[in-house]
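Same order as they appear, the protein sequences are chains A and H.
Residue numbering for the first sequence follows my numbering, starting at -7 and increasing by one per position.
Residue numbering for the second sequence follows my numbering, starting at 928 and increasing by one per position.
A hint or two may mislead.
Stated by the list, open to error - Simulated pairs of lysine-lysine, DSS-like, Cα-Cα distance not exceeding 25 Å:
#1 Lys1336(H) x Lys4(A)
#2 Lys1002(H) x Lys1032(H)
#3 Lys948(H) x Lys1115(H)
#4 Lys1115(H) x Lys1(A)
#5 Lys1002(H) x Lys32(A)
Unchecked claim - Over 12 Å on every C-beta distance to chain H, these chain A residues come out as not near it, computed from the model:
#6 Glu(-5)
#7 Val40
#8 Lys174
Treat the hints as calculated values from the structure; they're not laboratory data.
Since the model is a prediction, treat every value here as computed from it, not as a measurement.
The beta-carbon is built from N, C-alpha and C at its ideal position, and this holds for glycine as well.
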Amino acid sequence: MVELQSFNKNEKPSWCPGCGNFAISLATKKSISELNIKPKDSVLVSGVGCFAKLPYWIKSYGFVGLHGRSLPVAQGTKLANKKLTVIAYGGDGDGYGEGGNHFIHACRRNVNITYLVHNNSVFGLTTGQYSPTSKQGKVSKSSPLGAKESPLNPIALAISSGAKFVARGYAGDINHLTGLIKKAIQFEGFAFIDILQYCPSFGHDIKYYNERVYRLEDNFHDSSNKILALQKAFEIEENKNDRLAIGVFYKSQ
Amino acid sequence: MESINIRVGGEAGQGIATVAKIISELVIQKGYSIFSSKEYMSQIKSGHNFHNIRISNQQVSADVNKINILVAINKESIIKHHQQVNEKGIVLYDSSINIDDIIPKQNVNYIPINVKEIENEIKGKNLNNIIYIGSIIKLFNIPLSELIEILENKFKNKPEIKSALIKAAELSYNNFNVLTEIKLPEIKEEKQLIKLFNGNEIIAKAAIDSGLTFHCQYPMTPVTGILHSLSREATKNDNLTVIQPEDEIAAINFALGASFAGARSMTASSGGGFALMTESISLAGMAEIPLVIIEGQRPGPATGSPTKTEQGDLNFVLNAGHGDFPRIIIAPGCIKEAYLETKRAFHLAEKYQLPVIILIDKHLAESIKSIKFSEKDYNFLKEELSIKRGIINETEIKQNQLNKNNLFKRYKFNSDSYLRSIPGNENGIFTCTGDDHDETGCITENPKCRLEGIERREKKLKQILEELDKPKLIGPENADLTVVSWGSNKGAILEAVENINNKTDSEQNKKINVLMVKNMFPFKIEEITKILNSSNKLVLIENNQSSQLNQLIKKETCIDIKDKILRFDGKTFTVDNVYDELIKRIN
Ligand SMILES: Cc1ncc(C[n+]2csc(CCOP(=O)(O)OP(=O)(O)O)c2C)c(N)n1
Ligand SMILES: [Mg+2]
């Protein structure tokens, strides 16, 4: 048994009080320890953004590289040593903007790593600009008249790029998220989870998400069906009630 | 130097490379040396291409202007090159080409080869390559059986193609009427085991001999050959992983991730792709990750002339990446140096944990040379490369290398040696990072850590400088003129200088020596200053427009070489180019 405590470090995280990153960090530790993976055998790879500091505050091997580049580093690490459990982290700016190309090709390449994107729909670290997943019309310092672009759909993009494990998690539901991360780690291949993350400083608060999030599992979603999965992925664009499904959208058998 | 130069010209896709390849193999078996360069256009079919194959009984490393045998597969090849054919030289051309409107060069034999007739006789197609080869070896008085033996081996598994080729070779050999024989120079040395390599192949080989386990590269001329060689190698080598990623940013980050995990890793590109890697090179410097990068120059800016050669990226490579961090840049001058220096690159990358760039160019990457390796070459740095990897295993880690939280001080301050642990190692946990960090790699904004980190990294340069070999003058110690150059110009310069120095009739018996600068960074300031200051007269030779080596020398030594021979039309220097320029300067 690997204790959760064995992943604790002395350094205190510098995230804002109430940041969703605390929950994602805890879910990571819970998942790895519950799967009996030791700190020495896990590698957490990130880029640049608020989210990217996560490896600093978990006791395991870490690689904090460049903005948008966690996926190539993580795949290189895994290919060099297949015994390691490699988790790559991205931000919605970092992973969907700067590193968007790597995302598409990681989906195709299907190297056995887990990819978690902290999606707070905002550039946190650079103090609140609109991001690739911000809604059209989002007013921010860099979009005073509202963002003109329509938001990117990470789930649909991943499925159509060939990813074989595609899920959405929520930082406000740690147990559910832990379950998803465990499934992703256990999946033999590239496993992607877009994680809805509240951002008390620049983004939506926890209440916003709590009102909208629902679990796919409770709705008899068939995650083996790619077309249904894609339909579900587009719900976010069509659904007037703005409901946000969490759970496994697609998992190839 | 006695040599015979064959030029084979034609359209891309007409198989001129095959002619060059088989002729080269034939003659090196007999103990000859060859140097073979190619010029081609950036298109797959049509477009004028040619190969040179220079054959000698001594080591050859450069191109010359004169042509002894021109094989013209199309009319354009006659028009473009026949003026360069020397007296008593031969032009072999397809008899279907109408040459009535070409004014023949005096004292050159134009010999039509009836390719169609032979093809028809054996009901074969696309046999022109072998037909020309058959004629050439008859010219050289090489027995047909030697060609057949090569074909037997090469096409062992393709019996139909093989038999057509052999028949065509026989017919062309027997039909060919030798009027003027062309004599290959006599072989002086005994037959030796000689192999053909171009720069890309030798770098791939050096990397494998250095224990390469991970290579990630996006294709780009002129170094795509490295990707091809290593991809082939990976099919039979379980320890080697080769990835063609989505772009060069991915390429270098894959390589960094693999290196962090303990792989010996490499990437390669040309200027444009290398430009995309620069942010990550800075990361390798900060995070202290061993990495070998091959930069094969071609004429820029932007896409430039993709298939031509130039030395225009030196300034860029010296300065690529933001912030201050140590790097090593080595510019080998020939195939053998490319082998040795690539091995050195792997050794230094791991010992000092930083990016090492091997700077070559198209002329070195894609020209083929026959080369003899000694045991000594093969064993160069063998022991270092097998042991001294800086990786520490868990039992070696002592308590004083851990912090209060039992994290490994991967970035130990005030340290002369650079030890790293790799994931999987129980006591070696740390964070590999591009942020300013404490000794365990944890992010910090404490200025003391920043200063200690900078000191730790910059100190490497002094240690490296001592380890690099001393720059040496080639040729007589005291000379009237010293040539200063770098990279692939070496072959042409050395041969031209030797020709001049050996000239007994040169009136005042003037001598020239040569300084090839190989270690671009860190730079051997003291030694180079001394050499330059003690020379009588300096001349610089570079394959670029702005004399980038001179800029470097000026910056490091305050010496400005005013007399410059620069070429930047996309071509390399031939022996004759250099000879003519140097002779002017000593007479
Ligand atoms: C190449 C590069 N471009 C820009 C930046 C500046 N930058 C740092 S973080 C960031 C955006 C972060 O947003 P996101 O990825 O969503 O992460 P978050 O802070 O929201 O967790 C930007 C633009 C950088 N560090 N590097
Ligand atoms: Mg964000």
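Evaluated hints:
1. Lys1336(H) x Lys4(A): holds (19 Å)
2. Lys1002(H) x Lys1032(H): Since the Cα atoms of Lys1002(H) and Lys1032(H) sit roughly 15 Å apart, the hinted pair holds (cutoff 25 Å).
3. Lys948(H) x Lys1115(H): Status holds; Cα separation ~23 Å.
4. Lys1115(H) x Lys1(A): Violated. Lys1115(H) to Lys1(A) sits at ~71 Å, over the 25 Å cutoff.
5. Lys1002(H) x Lys32(A): Distance ~68 Å between Lys1002(H) and Lys32(A) Cα, so the pair is violated.
6. Glu(-5): The claim holds: Glu(-5)(A) sits with its nearest Cβ about 14 Å from chain H, beyond 12 Å.
7. Val40: At roughly 8 Å from the nearest Cβ of chain H, Val40(A) sits no farther out than 12 Å, so the non-interface label is violated.
8. Lys174: Its Cβ never comes within 12 Å of chain H, the nearest being 20 Å, so this holds.
Of the numbered hints listed earlier, those contradicted by the structure are 4, 5 and 7.
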